[in-house]
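Visitor: The listed protein sequences derive, respectively, from chains A and B. Number 829 marks the last residue of the first sequence (my numbering); no jumps. Number 1284 marks the last residue of the second sequence (my numbering); no jumps.
Accuracy of the hints is not assured; some may be wrong.
As the list claims (entries may be wrong) - Here are some chain B residues pointing at chain A (derived, C-beta under 10 Å):
1. Ile1106
2. Asp1130
3. Phe1155
4. His1221
5. Ser1222
6. Leu1247
As the list claims (entries may be wrong) - Here are some chain B residues the structure puts well away from chain A; computed CB gaps all over 12 Å:
7. Trp1118
8. Ala1119
9. Ile1196
10. Asp1203
11. Arg1232
12. Arg1271
To be clear, the hints were calculated from the coordinates, so they are not data collected in a lab. Note that the coordinates shown come from a computational prediction; the quantities given were computed from them, not determined experimentally. The beta carbon of each residue, even a glycine, is placed where N, CA and C say it ideally should be.
The residues making up each chain are set out below.
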Amino acid sequence: MSAEPSAPARGEGALRIVLPIALLALGVLIWDLVVRLKGIPPYVLPGPGLVFATLVSDWPILSESLLVTLVTTFEGFLLAVVGGVGLALVFNLSRVVEYSLYPYAVILQVTPVVAIAPLLLIYLPQQAAVLACAWIVAFFPVLANTTLGLNSVDHNLIDLFRLYGAPRSQVLWRLKLPAALPYILGGMKIAGGLSLIGAVVAEIAAGAAGAGSGLAYRISESGYRLNIPRMFAALVLLSVVGILIYFALSLLSHLLLRRWHESAVEREA
Amino acid sequence: MDGELRKRGTSDGAVSLRDVSKSYANGVVALDRLDLDVRPGEFVSLLGPSGCGKSTALRIIAGLSEPTGGSVVWPQPDTSRRAREIGFVFQEPTLMPWATVAGNVRLPLDLKHIDAATADPRVAAALARVGLADFAGVYPRELSGGMKMRVSIARALVTEPMLLLMDEPFAALDEITRFKLNDDLLLLWQSLSKTVVFVTHSVFESVYLSSRIVVMTPRPGRVFAELAIDAPYPRDHRFRTSAEYGALCRRASEALAAASGGEQ
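All chains should be modelled from the sequences, with the hints used to inform the complete structure.
Guide: Written out as structure tokens, the structure reads:
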């Protein structure tokens, strides 16, 4: 929300891209040098070159696993958004439902998903269990943020809608939901990363049970096989997915809010 | 579509409060047996110190708050809903930040499901009346405080209400902007012949604008005195600097001081 003058802002914008990339390059260079100079064997720490080569050579296996994890993450995220926003709307319409269910939503959130995952794997088919984990972790931020947003509506605007005799449905669609939109998008930004984490945690748990095909399963499987370069390659893919999710949701948020919300508006000093 | 109604309806915009009381659950008595007659076509100001219940009275007229005693009396109880149609201007502009200026002004029509072909010319006309014809596609955050308030007034006028209720609409504006909006509001009032109930704590503003001032006492809110401001309209900066204006302001100030009962 900082007010930046336009000309230096452009320079600063470039710096924001160049600096992290330069740091990454430096890190990779040091990594490579350390591995080469110390003669570290690949089963302890593979060099960046080998990781990249593995990424290319193992692409058929890795891409398949990537797709599995991506689909789980996306489905978990979608269910989290639908469930979080939907539940928040129901809470907003009915106090009774809110008071009854909210504590359990909190309990679901504070119980570590690592501890729930093995249980879910017992009771649910593996794919459903992984999806459930992704959903459990991701839905609460959406619920909490949407609830906050729906309750943050300007009271005078609510009065205005009452003055013109607007029914509840119109208040919800025309007033409360648009007012809550920045909050919902904030919740979605958190949920995007969390659904990936949920999927990974569940896949690791599933992998320990000897089943699975997602990226996280590949990581634990490669660990057992001491195929450390593939572990790194899968890890790199996971990070890239996480970064892409974050950027996609930031872009969505920017596109929806840039005309009117202070968080997305570029100010000229 | 209802142009005839609009012309004919100019004389039935008045409303009365009879013995209206309002007390809150925490024991605060905001209004105690308030009697107020708003006459058709007049510009009446409710003048009083903060907390005298003048905003509460306005909200009760608007139906946003229920009186705990007494009643709101409309001239023709249920003949036409038009007569009861009310425009309300809040202390803040109260605009939807996600909608353009035109979208905000169109809101009351949208809520009544009036189609775009009918609504668009009315929105354009309302914006033109407040001098914002060129700002229809702009978002509220790009406007100054005074312009936002103009949008808010345009929105209140777009349904062609008989009665315009204004709750300290210009209190947060700087003096130059306030004077300009006062002048423009008077011109609107004269050209549209609405009834205006205007809440303010500014003696100078109430004298400049009103045809009648109702001075209220604080806690509980009651009518303390009424002042007729007979100075002819149109009023402009000459009136603002006249001896007559000064004398009227002095009378209003004295009434306000007496109503406040040396509480300060």
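Visitor: Decide, hint by hint, whether the structure agrees.
Guide: Status of each hint after checking the structure:
1. Here the hint on isoleucine 1106 of chain B is kept, as its CB sits about 7 Å from the closest CB of chain A, short of 10 Å.
2. Annotation: aspartate 1130 of chain B was flagged as interfacial toward chain A, and the flag holds, the nearest CB pair being 7 Å apart, inside 10 Å.
3. A least Cβ separation of about 14 Å between phenylalanine 1155 of chain B and chain A goes past the 10 Å threshold, and the interface hint is therefore violated.
4. Contact between histidine 1221 of chain B and chain A, as hinted, is not supported at the beta carbon level, the nearest pair being about 19 Å apart and thus beyond 10 Å.
5. Below 10 Å, beta-carbon pairs count as interface contacts, and serine 1222 of chain B has none with chain A, the closest being about 21 Å; its hint is therefore violated.
6. Look at leucine 1247 of chain B: its Cβ only gets to about 29 Å from chain A, farther than 10 Å, so that hint breaks.
7. The Cβ of tryptophan 1118 of chain B sits about 5 Å from the closest Cβ of chain A, inside the 12 Å cut-off, so the non-interface label is violated.
8. The claim that alanine 1119 of chain B is not at the interface with chain A is violated, since a C-beta of that chain comes within 12 Å of its own (minimum 8 Å).
9. The beta carbon of isoleucine 1196 of chain B is kept farther than 12 Å from every beta carbon of chain A, the shortest such distance being approximately 24 Å.
10. Consistency note on aspartate 1203 of chain B: stated as away from chain A, and its beta-carbon is indeed over 12 Å from all of that chain's, at 25 Å minimum.
11. Look at arginine 1232 of chain B: its CB is around 24 Å from the nearest CB on chain A, clear of 12 Å, so calling it non-interface holds up.
12. Against the 12 Å criterion, arginine 1271 of chain B stays outside the reach of chain A, whose nearest CB is about 33 Å from its own CB.
Of the numbered hints given earlier, the model fails hints 3, 4, 5, 6, 7, 8; all others are met.
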